[in-house]
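The sequence shown begins at 10 in the numbering used here and counts up by one.
If you're looking for bench data, these hints aren't it; they were derived computationally from the structure.
Every residue gets a Cβ at the ideal spot worked out from N, C-alpha and C, and that includes glycine.
Treat each hint with caution, since some may be false.
Unchecked claim - As a list, the in silico SDA-like pairs of lysine to any residue whose alpha-carbon atoms are at most 25 Å apart:
# : residue 1 : residue 2
1 : 232       : 103
2 : 308       : 244
3 : 206       : 195
4 : 206       : 244
5 : 232       : 209
6 : 308       : 213
7 : 308       : 126
8 : 64        : 300
Claimed, not checked - Each pair of labels, with its calculated beta carbon distance range:
#  : residue 1 : residue 2 : range
9  : 311       : 248       : 22 to 30 Å
10 : 81        : 280       : 33 to 41 Å
11 : 221       : 44        : 47 to 55 Å
12 : 251       : 46        : 23 to 31 Å
13 : 81        : 47        : 26 to 34 Å
14 : 67        : 32        : 41 to 49 Å
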Amino acid sequence: MAITTANPRRRRRPGRTARTPYLLIAPAVVAMLGFLVYPMASVLYYSLQNYNVTKPWDNGFAGLDNFRRLLFEDPLFWQSLGFSLQWVGVEVFLQLIFGLVLALIVNESFIGRGLSRALVFSPWAVSGVLTTGIWVLLYNPTTGVSRYLADLGIMQYGFAPLANPDTVFWAAVLAELWRGVPFFAILLLADLQSISKELYEAASVDGASRWRRFFHITLPHLKDAIILSTLLRCVWEFNNVDLLYTLTGGGPAHATTTLPLYVAAKAVQSHDFGYGAALTTAAFLILTFFSIAYLRLSKFGAKA
Numbered sequence: 010m011a012i013t014t015a016n017p018r019r020r021r022r023p024g025r026t027a028r029t030p031y032l033l034i035a036p037a038v039v040a041m042l043g044f045l046v047y048p049m050a051s052v053l054y055y056s057l058q059n060y061n062v063t064k065p066w067d068n069g070f071a072g073l074d075n076f077r078r079l080l081f082e083d084p085l086f087w088q089s090l091g092f093s094l095q096w097v098g099v100e101v102f103l104q105l106i107f108g109l110v111l112a113l114i115v116n117e118s119f120i121g122r123g124l125s126r127a128l129v130f131s132p133w134a135v136s137g138v139l140t141t142g143i144w145v146l147l148y149n150p151t152t153g154v155s156r157y158l159a160d161l162g163i164m165q166y167g168f169a170p171l172a173n174p175d176t177v178f179w180a181a182v183l184a185e186l187w188r189g190v191p192f193f194a195i196l197l198l199a200d201l202q203s204i205s206k207e208l209y210e211a212a213s214v215d216g217a218s219r220w221r222r223f224f225h226i227t228l229p230h231l232k233d234a235i236i237l238s239t240l241l242r243c244v245w246e247f248n249n250v251d252l253l254y255t256l257t258g259g260g261p262a263h264a265t266t267t268l269p270l271y272v273a274a275k276a277v278q279s280h281d282f283g284y285g286a287a288l289t290t291a292a293f294l295i296l297t298f299f300s301i302a303y304l305r306l307s308k309f310g311a312k313a
């Protein structure tokens with residue numbers, strides 16, 4: 010009877026295999042702690058402090074005073090929050106509608122479809138500041154579109170959409186639509202191309218109209234893509250700073266001041282970092298609550 014002896018070199022230590030996965034993910038965990046957890050903890054810490062570099066004699070622990078101030082003593086907080094909600098609601102809704110329409114159009118087969126897709130998606134590659142530069146020139150009362158409309162008798166000379174409180178909101182909305190619609194078009198087109206053509210062929214054989222095929226095949230298939238894209242755009246539009254800051258600066262008379270713009274005004278311009286941190290914490294809590302509630306109510310990932 011042959012007796013074999015296991016090679017001691019091949020024996021593994023009991024805890025070595027169990028520790029290996031944790032050692033492999035350790036660099037990612039350390040990077041996450043450094044770039045995510047630490048900044049969040051710092052903001053929370055400063056939100057509980059009076060920290061204004063222009064008034065160092067008042068600096069120190071403030072407790073919840075900053076939060077009491079923004080809730081009960083700062084009307085601009087509620088004004089900026091209200092405008093942020095209006096901005097997000099209008100922008101995301103219009104971007105979704107136009108993005109879905111464009112995705113359906115460029116999903117069809119026609120001559121020049123590749124060029125059409127490139128033109129549709131190109132605004133998404135343009136930075137926010139460059140987008141603002143384009144639209145500032147278009148809205149310029151001397152050299153922009155309004156001058157040519159005035160030459161046609163449609164508009165008065167010298168009309169400045171960005172300086173008029175009655176038109177500045179929709180002027181900013183139009184500029185952001187030009188940049189945001191391609192995002193929805195890209196995501197929805199990718200999902201549209203994964204729908205089996207056999208479903209549409211079977212529905213056509215059964216006599217289903219184009220609208221019935223859209224509501225009973227296309228929309229149910231796009232459900233998760235629409236939920237995810239709208240959630241991402243809601244968060245991004247809520248945090249939109251570059252376009253509104255360079256286009257309107259939050260004016261006129263705070264008419265286009267979002268909550269992130271108000272944070273920048275308090276923390277960067279007024280050097281009130283404690284109160285700015287409290288505003289940032291409030292924005293973080295609002296977005297977290299909205300994201301969780303939206304995913305729960307929309308039943309993201311659930312099968313129809």
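We went through each hint and held it up to the structure:
1. 232 / 103: With Cα atoms ~17 Å apart, residue 232 and residue 103 stay inside 25 Å; holds.
2. 308 / 244: Since the Cα atoms of residue 308 and residue 244 sit roughly 18 Å apart, the hinted pair holds (cutoff 25 Å).
3. 206 / 195: OK: residue 206 and residue 195 at ~20 Å, within 25 Å.
4. 206 / 244: violated, 34 Å
5. 232 / 209: holds, 17 Å
6. 308 / 213: violated, 30 Å
7. 308 / 126: It is violated: about 31 Å lies between the C-alpha atoms, which goes past 25 Å.
8. 64 / 300: Not OK: residue 64 and residue 300 at ~37 Å, beyond 25 Å, violated.
9. 311 / 248: 22 to 30 Å: holds, 28 Å
10. 81 / 280: 33 to 41 Å: For residue 280 against residue 81, whose Cβ atoms are near 23 Å apart, the range 33 to 41 Å is violated.
11. 221 / 44: 47 to 55 Å: Given about 49 Å between the Cβ atoms, the range holds.
12. 251 / 46: 23 to 31 Å: Once the Cβ atoms are compared, 26 Å apart, the range 23 to 31 Å for residue 46 and residue 251 holds.
13. 81 / 47: 26 to 34 Å: holds, 31 Å
14. 67 / 32: 41 to 49 Å: holds, 47 Å
Checked against the numbered hints given earlier, this structure breaks hints 4, 6, 7, 8, 10; the rest are met.
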